[in-house]
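Residue numbers (our numbering), protein chains in the order written: chain L, 302 to 474; chain B, -3 to 317.
Since the hints were derived computationally from the structure, they do not count as laboratory data. Yeah, the Cβ is synthetic: ideal placement off N, Cα and C, and Gly gets one too. Among the clues, some could well be false.
For each label pair, taking beta carbons as the anchor points, the in silico distance ranges come out as [what the hints assert, rightly or not]:
1) T24(B) <-> G402(L): 40 to 46 Å
2) E85(B) <-> L465(L): 45 to 51 Å
3) R82(B) <-> G335(L): 34 to 40 Å
4) T57(B) <-> L420(L): 26 to 32 Å
5) Q289(B) <-> L356(L): 56 to 62 Å
6) E85(B) <-> L320(L): 21 to 27 Å
7) G442(L) <-> S287(B): 23 to 29 Å
8) L420(L) <-> S140(B): 44 to 50 Å
9) A441(L) <-> V45(B): 35 to 41 Å
10) L332(L) <-> D247(B): 29 to 35 Å
11) S285(B) <-> T438(L): 33 to 39 Å
12) G89(B) <-> L332(L): 30 to 36 Å
Not everything, but these chain L residues come out facing chain B in the computed CB check (under 8 Å) [what the hints assert, rightly or not]:
13) T315
14) A319
15) L356
16) A371
17) V379
18) V385
19) A437
20) T438
21) Y456
22) V458
23) D460
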Amino acid sequence: MALGGAQTHVVRATLLVALAALLEVTLAPLLTFGWVAPRFLILGVVVAVADLRDLQALLLGFFGGILTDALSGGLFGVGALGGVLAAAISLRIRVVRRKVGAGPFAAQAVAVAVVVYDLLGLFAPILAGQVGPPVATYLAGGVVPDALLNALLAYLVGDRILKLMTVKEEKWT
Amino acid sequence: LGRSRKSSAASSLVALITLCVASLVLFTIYVKEDDSGPLHTVQLGAAEVLRPVRGLFGLATSPFSAASERVEGALDASEKKELEARALEYEEGAAEAARLRDENERLRELLDGERPSFTYSPLARVVAPVGGQLTERVVINVGSDHGVRPEQPVVVGNNTLIGRTTERVTPNTAEVLLVTDQNFAAGVRILPPKALQGETDEESTTAGESTSGESAAEDASAASEREPDFGADSHGEGLLRTSWEGYLGVDYVDLNADAEQGDFVVTSGRAGGRELLFPPGLLVGTVESVSSQDINQYKNIVVAPAAEADDLQDVRVIVDW
């Protein structure tokens, strides 16, 4: 990828993560059903960092999470950690993208990242001295359906977003 | 080439660990700092900035929820469609009239039910729910400019407690932690119906009547208008909390307490060691069931809330008492 293309790609990825963070704090609360909700931040980070370099991807995940933490009323740091880990998971799983395609890749990565994010959301309040739900009930009734729903969402839209993110290389003439 | 890849992987791992540690440091600072700390201040400012965006999304999604209700209704109506369509026109008119009448009554009750010893904020509307799958919170459109401060009781109707303000109070908004949130707790007292009902109602109302359907709702509504008689025999005291199964209940009620179905649950003015977090006498609900087991030290009491959190529209904050 040419340098200009790489820069364009980073800019697009950054905009995508920022938009995802904004949707996470404004739209997601209106679409929450019990313990299940669309995780726009995770979806955005996983898809946005898929073609970035490792350090760029991790930093983008971190600052996307920071933005979510700042805009939301939640415990600060949880979104940042969730964003970093989502980026790391996306980097780890992206090797399968060529084999299985963009949709299944996004679905797998998002499912794993949502499980991690939900577990963070479970243990962070407990660490902060707040009341937490029963772990077994939350895992069965919250984490699993949440991961499945978001994996489905990623499967449906991940391919299209990845195409939007792709920058065509300019040929030397 | 192999050495370069190893070096790249190692640097990525170092970056990952560093960023994870940075996240944990931020988390620790946030938990340790007080409400005026820098991270809390950032969130407070962001909440104020995002208020119009949240309102816009709330407005944008309302047609979808209305449309989904209509679609559900259409799918269910497989028979008698013509008659139902005709009836619908009349019902819509009647429903609109009923809605306006209810709204009128509700707003009138809010104003008529004021207790002289309380100072209320202006009437507030519920703007939006707050994110987080483990929380039950809403944002209302009054804030510090209207005298609202953190940890003040929020009521609906005639002094029916529905929650308290959190530390997130901006000049024009305030976040409310609802009684149905698992982190909400309030010291409550269980009172027999006669303690909250006027002398004229005392003879005509029995405990059995007060637990049945509309009668219970009317009794609860009427009860919240009156100052409770704390001189009456209390049927027990405890801590109001919502279990993770979603049941609103009163914990730590002594096995010897006389709590029974139909009793009213009102705030006692104490929440653990914190004195007067809520003023005494705010109605929370009625006792739905009482049970006890030999192995338990306390009674199991389930409470039917006097106000449904899902139907919240207009609320007021008690800013002084």
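Verification of the hints:
Taken as a hint, the range 40 to 46 Å holds for the pair T24(B) and G402(L), whose Cβ atoms sit roughly 41 Å apart. The hinted window of 45 to 51 Å between E85(B) and L465(L) holds, with their beta carbons roughly 46 Å apart. At about 38 Å, the CB distance of R82(B) to G335(L) agrees with the hint of 34 to 40 Å. With their beta carbons about 28 Å apart, T57(B) and L420(L) fall inside the hinted range of 26 to 32 Å.
A hinted range of 56 to 62 Å for the beta carbons of Q289(B) and L356(L) is consistent with their spacing of about 58 Å. As the Cβ distance of E85(B) to L320(L) is approximately 43 Å, the hint placing it in 21 to 27 Å is violated. At roughly 25 Å, the beta carbons of G442(L) and S287(B) sit within the given window of 23 to 29 Å. One distance hint, 44 to 50 Å for the beta-carbon pair L420(L) and S140(B), is violated here, with the actual separation near 36 Å.
Between A441(L) and V45(B), the C-beta spacing of about 38 Å keeps the proposed range 35 to 41 Å intact. A C-beta distance of roughly 33 Å is found between L332(L) and D247(B), which places it inside the suggested range of 29 to 35 Å. With their beta carbons about 22 Å apart, S285(B) and T438(L) fall outside the hinted range of 33 to 39 Å. Taken as a hint, the range 30 to 36 Å holds for the pair G89(B) and L332(L), whose Cβ atoms sit roughly 33 Å apart.
At a threshold of 8 Å, the smallest CB-CB gap from T315(L) to chain B is about 16 Å, leaving the interface hint violated. A cut of 8 Å between beta carbons decides the hint on A319(L): the least distance to chain B is about 13 Å, and the hint is violated. Of the supplied interface hints, the one on L356(L) holds, with its beta-carbon coming within about 5 Å of a beta-carbon of chain B, less than 8 Å. Checking A371(L) against chain B: minimum C-beta separation of about 5 Å stays under 8 Å; hint holds.
Given hint, V379(L) at the interface with chain B, holds; its Cβ is 7 Å from that chain's nearest Cβ, closer than 8 Å. Because the closest C-beta pair between V385(L) and chain B is about 5 Å apart, less than 8 Å, the hint holds. With its C-beta approaching chain B no nearer than about 11 Å, A437(L) sits outside the 8 Å limit, and its interface hint is violated. A cut of 8 Å between beta carbons decides the hint on T438(L): the least distance to chain B is about 7 Å, and the hint holds.
Of the supplied interface hints, the one on Y456(L) is violated, with its beta-carbon coming no nearer than about 22 Å to a beta-carbon of chain B, more than 8 Å. Here the hint on V458(L) is broken, as its CB sits about 18 Å from the closest CB of chain B, past 8 Å. For D460(L), the shortest C-beta to C-beta distance to chain B is roughly 25 Å, which exceeds 8 Å, and the interface hint is violated.
The structure is inconsistent with the numbered hints 6, 8, 11, 13, 14, 19, 21, 22, 23, although it conforms to all the rest.
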